[in-house]
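J.: Chain by chain, the residues:
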Amino acid sequence: MEVTKKPEEETALYREYSPLQRIIRKTYLATINISNLRKILSLVGVVILWHIVSKYKIPPFSRVPLPSEVLLEAIKYVPTHMFLTNVTFSMGRVFVGFTAACVLGIPLGIFLGWKRHVKNVVFPAFEMLRPIPVISWIPLSVIMFPLTEQSIIFLVFLGAFFPIVLNSMLGVEGVPVNYINGALSLGSKPNDVFRHVILPGALPSVFTGMTVGMGLTWVMVVAAEMVAGGYGLGYMTWESYILITYPRIILGMFAIGSAGYLFSTIVRAIGTQMMPWRKLF
Amino acid sequence: MALPEIKNIATAKIEPGEMEMRDVYSSFGPGKEVLNNVSFKIDKGSFTCLCGPSGCGKSTIVNILAGYMRPDMGECLIDGKPVQKPGWDRLVVFQETALLPWQTLWENTIYGPMVQGKNLMEIADKAEYLVDMVGLNGFEDKYPHQLSGGMQRRAELIRALINEPKVLLMDEPFRGLDAMTRQIMQEYIIKVFESTGVSILFITAELEEAIFLGDKAYFLTVRPAVVKKEMPIDLPRPRDFRHLASHRFLELQKEAIETVDEEAQKAFSALLKTTKS
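Chains as they are written, first to last, in our numbering: chain C, 3 to 283; chain G, 451 to 727.
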């Protein structure tokens, strides 16, 4: 590495790197460090453990396929058209159901928190339905809708709807009364209070609801597909059990996990984007 | 961090107003009286302090003056007219910060004029001037949680001052600040008062603070609160920290402590009674 001529004490501390070198060095320092190595160790440890328990057929794992078998299955199956279709179907159902839950749930939740008398009328009914585990809606929703697709999307919608409504409502109720009073004193009309105080104040809680809801949509889509779906990751996983292609079960599980993680990350990223004041906490 | 220098703010004159509370009675239901015939007056362009033990209903008084609450009986007047609803002729500087966390310091400062539909170009100059006055220049784009406690209080102060309120209602605004920041804030508030001429009602539980800052202090009893004593404070203005050690200050302090001690004894014996039964 070339060192430019500088006073002696400075050359000892700083080296001149070209921009490319600087990027490489930065990436290197950010990836290869002791803390990341420990994290990798943890992941590798799980795979090794999995290999041992299924290789030596330790009881509940005696029929679990080896990691290597799953890897081979992935290499074979992931590039196929079938897999892509399954992924697209599941993601599409989650997207539609989740969007519907947001579009209906966020305004409803905010409205319930904002107008006490509306809450008195609507909330008891809501609270009656909420404790029912959403999975138990599967048979009813199959009866309710003529098309399988509709009933799956409805179940996904329900999964996300309840946490979104509840958290949006709590978000509005949790806006400190000082903020509202202060804004009123400064000459805000109710409209201004809503736009500048209630809405941004409730936003963090709305996103909490969306994150929880997103988790539940994947529970719902998998459950619904296992029962009813002709396509989808849940269906693929269940079908692999029926067809005794066990490595594909685990592949399906991984695919569902990854897709769920991807979607949650997107929700979180939108949240950070919309709430710049929270970025620095 | 170096302490920000207090700039000269002689040009920010405000037309002051007067407020009065007449025989105000307020309760949260039978047997839960908070205020029992409280009467006091904030004179035009004066610094009035309100002292009382914690939980005696000081915040209720502010809520009534600001128009967030209606008294059960009695009336509350600003420049002779009854208070109907919240308005920017009397602004509250809250105990806990009421700066909106999702707005930057700048957005918070101009929030009042913005929702009142004022011309923002005209306001910008004034806002810049005020930000500079309390030593917050350079922090305009920061969010409140990025500022220190003292900076937040100063931001709150200019957020109120930009609206040129007739009366500034300060509800224990320095509570929770450390001693050094508190001292700086006291110095700021004296500067703001002496150079703008706004009427101030300053609520505090600290006697020394009340005597040091005010022209007049009212002492409240324990709940249900009544004005126990009105004490004019004749320390000269402009005021600074030398007055804290003056003979007159110590005399006033002694008088205040005697007044409050009686109340403290009462509060203590009431507490003993409830724990015994």
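Honestly, the hints are just simulated from the structure, not real lab data.
Be careful, since some hints might not be right.
[Stated by the list, open to error] Under the rule of at most 35 Å between Cα atoms (straight-line distance), these lysine-lysine pairs were calculated in the DSBU-like manner: (1) C:Lys121 <-> G:Lys641; (2) C:Lys191 <-> G:Lys494; (3) G:Lys535 <-> C:Lys191; (4) G:Lys723 <-> C:Lys191; (5) G:Lys592 <-> C:Lys191; (6) G:Lys491 <-> C:Lys191; (7) C:Lys191 <-> G:Lys716; (8) G:Lys463 <-> C:Lys191; (9) G:Lys568 <-> C:Lys191; (10) C:Lys117 <-> G:Lys482; (11) C:Lys117 <-> G:Lys531.
[To be verified] Computed list of chain G residues with no C-beta within reach of chain C, every gap over 10 Å: (12) Ser489; (13) Lys494; (14) Glu546; (15) Leu550; (16) Trp552; (17) His595; (18) Ile634; (19) Ala655; (20) Ile683.
The C-beta atom is built at its ideal place from N, Cα and C for all residues, glycine as well.
J.: Each hint: holds or not?
T.: Each hint, compared with the structure:
Taking the CA atoms of Lys121 of chain C and Lys641 of chain G, the gap is about 48 Å. The hint is violated against a cut of 35 Å. For the suggested pair Lys191 of chain C and Lys494 of chain G, the alpha carbons sit about 29 Å apart, so the restraint of at most 35 Å is met. Between Lys535 of chain G and Lys191 of chain C, the direct Cα distance comes to roughly 12 Å. Compliance with the 35 Å bound is thereby established for this hinted pair. In summary, the hint linking Lys723 of chain G to Lys191 of chain C is not supported, as the alpha carbons are separated by about 48 Å, beyond the 35 Å threshold.
For the suggested pair Lys592 of chain G and Lys191 of chain C, the alpha carbons sit about 26 Å apart, so the restraint of at most 35 Å is met. Note on Lys491 of chain G and Lys191 of chain C: the hinted pairing holds, with a Cα-Cα distance of about 30 Å set against a maximum of 35 Å. This hinted pair does not check out: Lys191 of chain C and Lys716 of chain G have alpha carbons roughly 45 Å apart, beyond 35 Å. A hinted pair counts as satisfied when its Cα atoms are at most 35 Å apart, and Lys463 of chain G with Lys191 of chain C qualifies at roughly 28 Å.
Between Lys568 of chain G and Lys191 of chain C, the direct Cα distance comes to roughly 14 Å. Compliance with the 35 Å bound is thereby established for this hinted pair. At most 35 Å may separate the alpha-carbon atoms for a hinted pair to count; Lys117 of chain C and Lys482 of chain G meet this at roughly 28 Å. For the given pair, Lys117 of chain C sits about 32 Å from Lys531 of chain G by alpha-carbon distance, which is consistent with the 35 Å threshold. No Cβ of chain C comes within 10 Å of the Cβ of Ser489 of chain G; the nearest lies about 24 Å off, and the non-interface call holds.
With 10 Å as the threshold on Cβ separation, the claim that Lys494 of chain G sits away from chain C holds: the shortest Cβ distance comes to roughly 21 Å. Glu546 of chain G, annotated as away from the interface, has a beta carbon of chain C within 10 Å; the closest lies near 6 Å. Its beta-carbon lying about 6 Å from the closest one in chain C, Leu550 of chain G breaks the requirement of being farther than 10 Å from that chain. Chain C draws Trp552 of chain G into its interface by the beta-carbon criterion, the shortest separation being 4 Å against a cut-off of 10 Å.
Not every CB of chain C lies more than 10 Å from the CB of His595 of chain G, the least distance being 7 Å, so the non-interface label is violated. Every Cβ of chain C is farther than 10 Å from the Cβ of Ile634 of chain G; the closest lies at roughly 23 Å, confirming the non-interface assignment. Every beta carbon of chain C lies more than 10 Å from that of Ala655 of chain G, the smallest distance being close to 19 Å; the non-interface claim holds. In this structure Ile683 of chain G is separated from chain C by more than 10 Å, as the shortest Cβ-Cβ distance comes to about 28 Å.
Hint check: violations occur at hints 1, 4, 7, 14, 15, 16, 17; the rest are consistent with the structure.
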